[in-house]
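Letter by letter, the chains look like this.
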Amino acid sequence: MIKFIIKGILRDRSKSIIPICVISLGVFITVFMTGFVKGVLSEMLTTNANLDTGHVKVMTKPYYENKDQIPIDLALLELSSITQDLVSKFPDISWVPRIKFGGILDVPDASGETIIQGPGLGLGINLFDTSKGEIERLSLKKSLISGSIPKEPNEILLSHDFSKKLNIKPGREVTFFGSTMEGSMVFETFIMSGTIRFGNPVLDRSTFIIDFTMAQKILDMGDGTGELLGYFKTNFYEDSKALKAESAFNETYKESDDEFAPLMVSLRNQNDLGTTIDLVGSFGSIFVSIFVIAMSMVLWNTGLIGGLRRYQEFGIRLAIGESKNHVYFLLLLESFIIGLIGSFIGTFFGILSCYYMQETGIDIQDALSNSAVIFPTVLKAKVTNDLFLIGFIPGLLAMFFGSSLAGRGIFKRSTAKLFKELEV
Amino acid sequence: MKNLLFFLFTITSTSLFSQNSSSNEALEVLKKVDKNMFSETQIVTSEMIVYGKRKSRTIRSKGYSEGEFKNFTEYLYPDREKGTKMLKLDDRLWIYSPSTDRIIQLSGHLLRQSVMGSDLSYEDMMEERKLSEIYFCNILSEEVYKDRPVWKMELIAKNDNVSYFRRIVLIDKLQFVPLESELYAKSGELLKKTVFSEIKKIEGKWYPTKMNYKDVLKGGKGTDFLILDVIFNKKIPDSYFLKASLKK
Chain G
1 MIKFIIKGIL
11 RDRSKSIIPI
21 CVISLGVFIT
31 VFMTGFVKGV
41 LSEMLTTNAN
51 LDTGHVKVMT
61 KPYYENKDQI
71 PIDLALLELS
81 SITQDLVSKF
91 PDISWVPRIK
101 FGGILDVPDA
111 SGETIIQGPG
121 LGLGINLFDT
131 SKGEIERLSL
141 KKSLISGSIP
151 KEPNEILLSH
161 DFSKKLNIKP
171 GREVTFFGST
181 MEGSMVFETF
191 IMSGTIRFGN
201 PVLDRSTFII
211 DFTMAQKILD
221 MGDGTGELLG
231 YFKTNFYEDS
241 KALKAESAFN
251 ETYKESDDEF
261 APLMVSLRNQ
271 NDLGTTIDLV
281 GSFGSIFVSI
291 FVIAMSMVLW
301 NTGLIGGLRR
311 YQEFGIRLAI
321 GESKNHVYFL
331 LLLESFIIGL
341 IGSFIGTFFG
351 ILSCYYMQET
361 GIDIQDALSN
371 SAVIFPTVLK
381 AKVTNDLFLI
391 GFIPGLLAMF
401 FGSSLAGRGI
411 FKRSTAKLFK
421 ELEV
Chain D
1 MKNLLFFLFT
11 ITSTSLFSQN
21 SSSNEALEVL
31 KKVDKNMFSE
41 TQIVTSEMIV
51 YGKRKSRTIR
61 SKGYSEGEFK
71 NFTEYLYPDR
81 EKGTKMLKLD
91 DRLWIYSPST
101 DRIIQLSGHL
111 LRQSVMGSDL
121 SYEDMMEERK
131 LSEIYFCNIL
141 SEEVYKDRPV
151 WKMELIAKND
161 NVSYFRRIVL
171 IDKLQFVPLE
181 SELYAKSGEL
191 LKKTVFSEIK
201 KIEGKWYPTK
211 MNYKDVLKGG
221 KGTDFLILDV
231 IFNKKIPDSY
241 FLKASLKK
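Protein sequences, first through last, are from chains G and D.
So that you can map any letter, position 86 of the first sequence is 86 in the numbering used here, and since no number is skipped, the others follow by simple counting.
So that you can map any letter, position 18 of the second sequence is 18 in the numbering used here, and since no number is skipped, the others follow by simple counting.
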């Protein structure tokens, strides 16, 4: 019977070509848009987590409240004991300290006089302790434009744009001028080891990187850090786990009198990323709902037009003795097969397009040149397993619903009037 | 009609005259304040107490200034700052760091950064210009402040080349010294508040020996600036105001 229906679909294209096109297009849009939007949002979360928020972050409460000012005077002290405590409480999270600090990079001439200078954002990260994985996390090797990653504590890595602004190349001496945690003046001379491009306008503008231990030393931070970032060992952000950790940790210090008690904040509660996380979860459902509702309406309409066009065909079939149920059943089966073909075509091209966008992406760096938020500069789709089903099943259902609604007319036909209607 | 015109003329001219006379009086007051606060040269040994969020720090320095545009400061205490020197000539500032043996020049907006975590900016530290020369002034009211009769004066910058566009100052009517000052940006936002106290007569001048600077955009108790010793009008060798003096 199926073979018979397929032959019917292929031979009488007028009854299948429009529904197949509509379903293919609808499935394609659903698959592609879901893959693209999810890709962009996931990339945004990953970028934020790696560059700034971690999956969870521990800071002092006043630091968190003033974090836009990078207040190293409000840093987290007794880092070793806090880390030890965190490791024992949350064994599935690895912890890395980072120090963000502001200051001026000053380029001297041969006699030590200022040639050029500019304010910059310093980042003290673990460059030499490979177990922390910071070089990989920040993609430093991949982002290297010139020179090399620092190998010595007195070496400094500059964002490529900042180095261009200062007009310096690797090997050149630069002096950092800033303030310690207590406010004393800091003068420290570094040798520029290389330049990198983060691919993020916020960081590319004026960031420089030095080793974490060196940052601790020059900023007089002792066993302290600005921020302690936690990453799930799976490398994937797990919202419920992060929230649970945040709540459990903060509960411990709820009654603390210490003004500088540590505070854990999950990625969801930083940089307004909560909305993004919710969107990632709900985008698939939003697209599918819109698709199923819109497509059902379209296909219902198509089914009605088809039903009208096939009014005579159904009449003859009923007149020669085919039962109404059988005609309706065959109509649904036919719809199912049309839906299957349309969904297959739509899913195939949807995933193909997503894959292409995953590999190439859309470069929006120019549009973000003045951006103040951490956002990926290349918008990429992401091919995931759910894309194979997210459009396929609604594609099947939409045609099925459309035909079920349109086919109800079969049962309204009066057999007694058929011969008159058919003018036989 | 003639009577009405005469009345309006009288009212306008009286108001202009009284305004003019108030401005003149204000200028005279401000000139007397400048006479107390400024001298040809000054050699000041001072301590700056910075009240941090976690702990306080005391920084001692000795400053030499000549006229409005020359200022040299050497930090004496604590060890971390000892030997650090600053030289200001016109609107340029050089800082010498003994640890790196480098001289770093600051200019433009970088001068608005905080000095050693205090509530003072480099601009505040180095400001030596007479108020009567850079501000238009006006007496707003006569009040009593901490049992002292004071004028409440409003100072508006004559041009944009000043750190604070507007100041509201309380000036002691008997000693001609400022007792409190509010410093505003051109936008009208209050930026800093300064309280002057422990006024002493030094070499014939009434001079506040304790100042509390409070950056209202920051939290905390502000920064105290204590004058330990001040010498007016003593000849300072020109070599102090040369860049070469920084590395000596």
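In short, the hints are calculated from the structure, not lab data.
Everything numeric in this text was worked out from a predicted model, so none of it was measured.
C-beta: ideal position from N, C-alpha, C; glycine also.
Careful, some of the hints might be misleading.
Below, in silico cross-link-like pairs of lysine to any residue (SDA-like), each with a Cα-Cα straight-line distance of 25 Å or less [stated by the list, open to error]:
#1 D:K243 to D:K53
#2 D:K82 to G:N154
#3 D:K218 to G:G224
#4 D:K85 to G:G112
#5 D:K248 to D:K53
#6 G:K132 to G:T83
#7 D:K218 to G:S111
#8 D:K221 to G:T114
#9 D:K248 to G:M185
#10 D:K53 to G:K324
#11 D:K247 to G:K100
#12 D:K53 to D:K193
#13 G:K3 to G:S256
#14 G:K217 to D:D215
#15 D:K210 to D:D229
#16 G:K100 to D:N233
#17 D:K55 to G:S111
#18 D:K55 to G:Y64
#19 D:K146 to D:E66
#20 G:K244 to G:Q216
#21 D:K247 to G:S111
#22 D:K32 to D:V177
Only some residues are given here: those of chain D computed to face chain G with a beta carbon under 7 Å [unchecked claim]:
#23 I49
#24 V50
#25 I103
Checked hints:
Between the alpha carbons of K243 of chain D and K53 of chain D the distance comes to roughly 35 Å, so the proposed pair goes past 25 Å and is violated. Straight-line distance between C-alpha atoms of K82 of chain D and N154 of chain G comes to about 23 Å, which keeps the hinted pair within the 25 Å bound. For the proposed pair K218 of chain D and G224 of chain G, the alpha carbon gap of about 23 Å is at most 25 Å, so the pair holds. With a C-alpha separation of about 15 Å, the suggested pair K85 of chain D and G112 of chain G falls inside the 25 Å cut-off, and the hint holds.
With a C-alpha separation of about 35 Å, the suggested pairing of K248 of chain D with K53 of chain D is violated against the 25 Å cut-off. Annotation: proposed proximity of K132 of chain G to T83 of chain G holds, straight-line Cα distance about 13 Å (limit 25 Å). Among the hinted pairs, K218 of chain D with S111 of chain G is inconsistent with the structure: their alpha-carbon atoms are about 38 Å apart, more than 25 Å. A distance of roughly 35 Å separates the Cα atoms of K221 of chain D and T114 of chain G; the hinted pair therefore is violated under the 25 Å criterion.
The suggested pairing of K248 of chain D with M185 of chain G holds, with an alpha-carbon distance near 19 Å, which does not exceed 25 Å. Of the supplied pair hints, the one linking K53 of chain D and K324 of chain G is violated, its CA atoms being roughly 84 Å apart against a limit of 25 Å. The hinted pair formed by K247 of chain D and K100 of chain G fails the criterion: a straight-line CA distance of about 32 Å is larger than 25 Å. At most 25 Å may separate the alpha-carbon atoms for a hinted pair to count; K53 of chain D and K193 of chain D meet this at roughly 19 Å.
Taking the CA atoms of K3 of chain G and S256 of chain G, the gap is about 75 Å. The hint is violated against a cut of 25 Å. Our distance criterion of 25 Å between C-alpha atoms is broken by K217 of chain G and D215 of chain D, whose separation comes to about 28 Å. Only pairs whose Cα atoms come within 25 Å are accepted, and K210 of chain D paired with D229 of chain D is accepted, the gap being roughly 11 Å. For the hint linking K100 of chain G to N233 of chain D, the alpha-carbon distance of about 46 Å lies beyond 25 Å, and the restraint is violated.
Taken as a hint, the K55 of chain D and S111 of chain G pair is broken in the structure, with Cα atoms around 38 Å apart against an allowance of 25 Å. Between the alpha carbons of K55 of chain D and Y64 of chain G the distance comes to roughly 19 Å, so the proposed pair stays at or under 25 Å and holds. A hinted pair counts as satisfied when its Cα atoms are at most 25 Å apart, and K146 of chain D with E66 of chain D does not qualify at roughly 33 Å. For the given pair, K244 of chain G sits about 31 Å from Q216 of chain G by alpha-carbon distance, which is inconsistent with the 25 Å threshold.
For the proposed pair K247 of chain D and S111 of chain G, the alpha carbon gap of about 12 Å is at most 25 Å, so the pair holds. Our distance criterion of 25 Å between C-alpha atoms is met by K32 of chain D and V177 of chain D, whose separation comes to about 8 Å. Given hint, I49 of chain D at the interface with chain G, is violated; its Cβ is 12 Å from that chain's nearest Cβ, farther than 7 Å. Hint status for V50 of chain D: holds, given a least beta-carbon distance of 6 Å to chain G, under 7 Å.
Hint status for I103 of chain D relative to chain G: holds, with the closest Cβ pair at about 6 Å, below 7 Å.
Of the numbered hints given earlier, the model fails hints 1, 5, 7, 8, 10, 11, 13, 14, 16, 17, 19, 20 and 23; all others are met.
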